[in-house]
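Asks: Given chain A's structure and the hints, the job is docking chain B onto it.
There are 2 protein chains.
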Amino acid sequence: MITKERIAQEFQRIQQEICSGLEAEDGKAVFNLDEWKHEVAGGGHTRVITHGNVIEKGGVNFSAVEGLLPQFMKDKVSPDATHFFATGVSIVIHPYSPKVPIIHMNIRYFETNAGDSWFGGGIDLTPIYVNVDQASFFHQCMKDVCDKYDASYYPKFKAWADDYFFIRHRNETRGIGGIFFDYLKPDAGRTKEELFAFVSDVGRTFLKAYLPIVSANKTIPFTPEEKNWQLLRRGRYVEFNLVYDRGTRFGLETAGRIESILMSLPEHASWLYNHIPDKESAEEKTLSFLRKDVDWVTMAEDKTIG
Amino acid sequence: MITKERIAQEFQRIQQEICSGLEAEDGKAVFNLDEWKHEVAGGGHTRVITHGNVIEKGGVNFSAVEGLLPQFMKDKVSPDATHFFATGVSIVIHPYSPKVPIIHMNIRYFETNAGDSWFGGGIDLTPIYVNVDQASFFHQCMKDVCDKYDASYYPKFKAWADDYFFIRHRNETRGIGGIFFDYLKPDAGRTKEELFAFVSDVGRTFLKAYLPIVSANKTIPFTPEEKNWQLLRRGRYVEFNLVYDRGTRFGLETAGRIESILMSLPEHASWLYNHIPDKESAEEKTLSFLRKDVDWVTMAEDKTIG
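Listed in order, the protein sequences are those of chains A and B. Read in order, the letters of the first sequence correspond to residues 1 to 306 in the working numbering. Read in order, the letters of the second sequence correspond to residues 1 to 306 in the working numbering.
No lab work stands behind these hints, which were simulated from the structure alone. Possibly wrong hints are sitting among the right ones.
With a straight-line cut-off of 27 Å between C-alpha atoms, the simulated DSS-like cross-links for lysine-lysine are [as the list claims (entries may be wrong)]:
id, chain 1, residue 1, chain 2, residue 2
1, A, Lys227, A, Lys285
2, B, Lys37, A, Lys279
3, B, Lys303, B, Lys148
4, B, Lys37, B, Lys74
5, A, Lys227, B, Lys227
6, A, Lys74, A, Lys4
7, A, Lys208, A, Lys303
8, A, Lys156, A, Lys143
9, A, Lys76, A, Lys185
10, B, Lys285, B, Lys143
11, A, Lys208, A, Lys218
12, B, Lys279, A, Lys37
13, A, Lys74, B, Lys76
14, B, Lys227, B, Lys279
15, B, Lys185, B, Lys4
16, B, Lys74, A, Lys76
17, A, Lys143, A, Lys218
18, B, Lys74, A, Lys74
Non-contacting residues of chain A with respect to chain B, defined by C-beta distances greater than 12 Å in every case (computed) [claimed, not checked]:
id, residue
19, Ala8
20, Gln9
21, Phe72
22, Lys76
23, Glu111
24, Asp163
25, Arg190
26, Leu207
27, Trp271
28, Glu283
No residue lacks a Cβ here, since even glycine has one placed at the ideal position from N, Cα and C.
Bound-form chain A, shown alone (with noise of 0.2 Å):
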């Protein structure tokens, strides 16, 4: 019988698998522990870890939380619902150098207390500078999972997070995508079970498609030029997570932690005005690979990371 309980329980374990595998990546930092209340009903765990060897900030959110449910999801739910439970965990990594990418991870799952209940997630990765072997090689992880459970949920999913993850008012995305799924409800072909054991799957995906590009980038010496490029970089995240992200927006309206919510910002951030690479820079070049529509998985024969 899958309850919120087990769900709750299962999440706190992928909690603890990412942050020990980060740690033991990062090979300095320790992720520190915060628990704290809901103002309802419920909490988290909130573990941050700051100025490691290669995490320059980095967050891996765990929360259950009960309240009143807000407004804006009325017409998501039955019409009887008042009332919400929500788990789930979220992570940002924010790493010092350019040459490694920023990577977001979040499950959840959500219930009502008119019988509703969905599994959400996705996983996307933003890199500085485009490396297409390694983008190849995160979307065929993706594409791996998803696999496993359907083989119509990669090219559902992975267009999902292009839609997603994407600034509409820059008219780029906001990285290489992913997938992104919500509202996963169990039906004819899918079990409450299935929909579990591959959402955690997910979750337990993180550090396979995470830990080889950052191992195979993080020695890789930079410029000041391309610390400047990822600041302006992680400017455009800032403006994806408090303009369009809904799991930011979800947190700012029902009064959720507020230090939970936005530690997936960065330390340093940067605004230029106007700015516009040079012709046929770097820079430019991972420009243009932030679109829609990527065929990521087919674009690299080789995957071997590092």
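Replies: Then chain B, alone, in the frame of chain A:
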């Protein structure tokens, strides 16, 4: 006769005066000029200053655009309105020194093809460290310009600024406020001519209120720790602008020129997880002032600056 052309022309003159005044105070950098066209009709003159003696990044934007009335404006206008005209001047100045406050000003005029029309605007100051005398001086300037037109303006528009320049998810104001007003329409007590004079006068109060503070503070030395505090406060500024600022949201929703809309963002900003200033530090003292309903005008007896 107050035509939209006359209003736009006067607003452009105010833009010019302000750019000249800021250049003289900065002593090094000059404003560049980007002329641009709106995708429907009209356009703007975006003037940006960077890397001066005092100003790290600042913008003074004039625009006069026409377009289809966006959906979210429909409840503000006559039922048969289909198109809008909007003109305004928007300013944000980010100085290098944490001793020199960030400032924002906006004056604007809006009309529809169904005969609706109103003025709006505001000026607010965001010191990185609150100086009570200077805060009091600044508010006295706001009160003076308001009192010339209507004794009810300052109390009303000061309270409106407290409510508007408020970062709800942080439960703190953006700075020490100032004045904010919107939907100022001609009525029995006030002609359009008078409202236009008031709004223009608000525009011309910008330099009178800001330059004495810049001049008094620009050569005060500061420490790296004070600079870091500035970067954090700028992070809050970014949060306000991307999450709450109506002008920014309006621009994003109506596909405005993105570089002009987001020129309000600082060159560098920073976020730390759960940063809490030391007890009885200057930073804690500043935070204690970032709340609504501070009676700044009567706070200091001496409002002489410099």
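Asks: Against each hint, give a clear statement of whether it holds in the structure.
Replies: Hints versus structure:
| no. | hint | verdict |
| --- | --- | --- |
| 1 | A/Lys227 x A/Lys285 | 16 Å, holds |
| 2 | B/Lys37 x A/Lys279 | 24 Å, holds |
| 3 | B/Lys303 x B/Lys148 | 19 Å, holds |
| 4 | B/Lys37 x B/Lys74 | 25 Å, holds |
| 5 | A/Lys227 x B/Lys227 | 20 Å, holds |
| 6 | A/Lys74 x A/Lys4 | 21 Å, holds |
| 7 | A/Lys208 x A/Lys303 | 13 Å, holds |
| 8 | A/Lys156 x A/Lys143 | 11 Å, holds |
| 9 | A/Lys76 x A/Lys185 | 12 Å, holds |
| 10 | B/Lys285 x B/Lys143 | 25 Å, holds |
| 11 | A/Lys208 x A/Lys218 | 16 Å, holds |
| 12 | B/Lys279 x A/Lys37 | 24 Å, holds |
| 13 | A/Lys74 x B/Lys76 | 25 Å, holds |
| 14 | B/Lys227 x B/Lys279 | 19 Å, holds |
| 15 | B/Lys185 x B/Lys4 | 14 Å, holds |
| 16 | B/Lys74 x A/Lys76 | 25 Å, holds |
| 17 | A/Lys143 x A/Lys218 | 25 Å, holds |
| 18 | B/Lys74 x A/Lys74 | 23 Å, holds |
| 19 | Ala8 | 23 Å, holds |
| 20 | Gln9 | 25 Å, holds |
| 21 | Phe72 | 15 Å, holds |
| 22 | Lys76 | 21 Å, holds |
| 23 | Glu111 | 25 Å, holds |
| 24 | Asp163 | 17 Å, holds |
| 25 | Arg190 | 36 Å, holds |
| 26 | Leu207 | 22 Å, holds |
| 27 | Trp271 | 4 Å, violated |
| 28 | Glu283 | 17 Å, holds |
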